[in-house]
Amino acid sequence: MLGRFEYARPQSVDEACRLLAEGGRAAAVLAGGTDLLVDLRNGFRSPSLLVDVKRLGELQALKTRSDETVVGAAVPLNVVVENRELRKAYAGLSDAALSIATYQLRNRATVAGNLCNASPAADMAPILLVLDAELTVQNAKGTRAVPVATLFTGAKRTCLVPGDVVIDVRMPPLDGELRTAFRKQQRIRGHDLAVVNAAAAYAPSRATLRVAVGSCAPTPVLLEPFDTKGTSPQALADEVLRAAAAATAPIDDVRASAAYRRAVLPVLLRRLLADVVSGRGGGI
Amino acid sequence: MHDIELRVNGHAERASVPAGMTLLEFLRDRLALTGAKEGCGIGECGACTVLLDRTPVTACLVLAVEADGLDVRTIEGEAADGELSALQRAFVDAGAVQCGFCTPGMIMSARALLLRSPHPSDEEIVEAIAGNLCRCTGYEAILAAIRAASGTGGEP
Numbered sequence: 001m002l003g004r005f006e007y008a009r010p011q012s013v014d015e016a017c018r019l020l021a022e023g024g025r026a027a028a029v030l031a032g033g034t035d036l037l038v039d040l041r042n043g044f045r046s047p048s049l050l051v052d053v054k055r056l057g058e059l060q061a062l063k064t065r066s067d068e069t070v071v072g073a074a075v076p077l078n079v080v081v082e083n084r085e086l087r088k089a090y091a092g093l094s095d096a097a098l099s100i101a102t103y104q105l106r107n108r109a110t111v112a113g114n115l116c117n118a119s120p121a122a123d124m125a126p127i128l129l130v131l132d133a134e135l136t137v138q139n140a141k142g143t144r145a146v147p148v149a150t151l152f153t154g155a156k157r158t159c160l161v162p163g164d165v166v167i168d169v170r171m172p173p174l175d176g177e178l179r180t181a182f183r184k185q186q187r188i189r190g191h192d193l194a195v196v197n198a199a200a201a202y203a204p205s206r207a208t209l210r211v212a213v214g215s216c217a218p219t220p221v222l223l224e225p226f227d228t229k230g231t232s233p234q235a236l237a238d239e240v241l242r243a244a245a246a247a248t249a250p251i252d253d254v255r256a257s258a259a260y261r262r263a264v265l266p267v268l269l270r271r272l273l274a275d276v277v278s279g280r281g282g283g284i
Numbered sequence: 285m286h287d288i289e290l291r292v293n294g295h296a297e298r299a300s301v302p303a304g305m306t307l308l309e310f311l312r313d314r315l316a317l318t319g320a321k322e323g324c325g326i327g328e329c330g331a332c333t334v335l336l337d338r339t340p341v342t343a344c345l346v347l348a349v350e351a352d353g354l355d356v357r358t359i360e361g362e363a364a365d366g367e368l369s370a371l372q373r374a375f376v377d378a379g380a381v382q383c384g385f386c387t388p389g390m391i392m393s394a395r396a397l398l399l400r401s402p403h404p405s406d407e408e409i410v411e412a413i414a415g416n417l418c419r420c421t422g423y424e425a426i427l428a429a430i431r432a433a434s435g436t437g438g439e440p
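From first to last, the protein sequence lines stand for chains A and B. According to the working numbering, the residues represented by the first sequence are 1 to 284, in order. According to the working numbering, the residues represented by the second sequence are 285 to 440, in order.
Source of the hints: derived by calculation from the structure; they are not laboratory data. Glycine included, each C-beta is placed from N, C-alpha and C at the ideal position. Mixed in with the good hints, there may be bad ones.
A partial selection of chain A residues facing chain B, derived with a Cβ cut-off under 10 Å [claimed, not checked]:
| no. | residue |
| --- | --- |
| 1 | L2 |
| 2 | L37 |
| 3 | L40 |
| 4 | L50 |
| 5 | D52 |
| 6 | K54 |
| 7 | E58 |
| 8 | L105 |
| 9 | R106 |
All chains, please: the whole structure from these sequences, using the hints.
Written as structure tokens, this is what we have:
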């Protein structure tokens, strides 16, 4: 038994919002459950009500048109991994999803859940930051867009409030070629969180590079955009490394020391930049 | 308490369960289907792997009430009329079973793989069972068993 709590499976988003608003801080959204149920078991959280949003139709949308990419909040990671249109448009997104946990867990875990759990090491965060993704969030008062860049307010903390339901994650329209990649340093493939993770998105026609780093600060960090015009790959890499070092503050924890994180971050970033700038394609 | 209806290995089941009961507890304690094991209880080891609507999940991280209306398959659904499935037979023949604790979950992950990819590559096999820890075999015999079962069909 994972504890004493109530369970509700609302039939509509409105009903879910109402239940969550009534429950306040004692209510929790249940999507894939791969973080929440572990927290219940370990006694880290003890909500009195779980509101299961998995079967709500709006949260199961998956659109991959060139002008609109939408991943519903209840779409399991494996569906993202296996979607060929998504891989074609955003290889870094597919690789980030594939890097999370195991096949069984990816059948339950969701993109939105990975974000809302707000781990500093969340693997979906860096790639969605560099893609300028937004969450569609609904509550009793209405619907609003929350940029992923403003979602995280601290380790395991977000700007979402009781009564909010994340409906989907939206990527802006693709404007010309965009090369994306994700890299993750972990101790064991398949069963480990990131020691350091990072994602990049490079738009050659606009000479713009975006880079985000995870697991090196209380929240995932999006660096200021880089102008790649007239910059050699070496000079660009040096610039990215300087910016990343300045924007992060790694700590010692169970997975790695701060010193190791500081040492491995430049290595990971150089590989990441080779992935996108030279167009060599990604890899984890 | 929540009233649930689900199919388990082809049988319709109805039950009343508390919200905090996991699918694994429901299968083991209510239905006496003790093939799925609790190893870690936090989705790391895969010993509790069952199929939920044909996809493998760790039953320790699914609430019984979440399985309402869905189709569950466990290791007990593999053998028919006392005959091992081809996949189970391949595990026996390859010596892929030692202590046996991981085996039910391992076979369910392999079953799900064969359902979605009847002739899996070695890479696919490795990825499919990456979430099933085995501390005895060193995995080679398990890979051999799943290779041998390739092409025997998704259904047991």
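* Restraint outcome when A:L50 is required to lie within 10 Å of chain B by C-beta distance -> 7 Å, holds
* To do: Would you check whether A:E58 satisfies its interface hint, that is, whether its CB is within less than 10 Å of any CB in chain B?
  => Status violated, d = 19 Å.
* Asked: Would the stated hint for A:L40 survive a check requiring a Cβ distance to chain B of less than 10 Å?
  -> 8 Å, holds
* Agreement of hint A:L37 with chain B interface, Cβ distance less than 10 Å -> Since the shortest Cβ distance to chain B is 5 Å, the answer is holds.
* Asked: Taking 10 Å as the limit, does the beta-carbon of A:D52 come near enough to a beta-carbon in chain B?
  -> 6 Å, holds
* Asked: Does A:K54 pass the interface hint, meaning its C-beta sits closer than 10 Å to a C-beta of chain B?
  -> 7 Å, holds
* Could you check if A:R106 really has its C-beta closer than 10 Å to a C-beta on chain B? => For A:R106, the interface hint holds, since the closest Cβ of chain B sits about 9 Å away, which is under 10 Å.
* Would you check whether A:L105 satisfies its interface hint, that is, whether its CB is within less than 10 Å of any CB in chain B? => 5 Å, holds
* Asked: Per the CB criterion, is A:L2 less than 10 Å away from chain B?
  -> For A:L2, the interface hint holds, since the closest Cβ of chain B sits about 5 Å away, which is under 10 Å.
Violation of the numbered hints given earlier is confined to hint 7; every other hint is satisfied by the structure.
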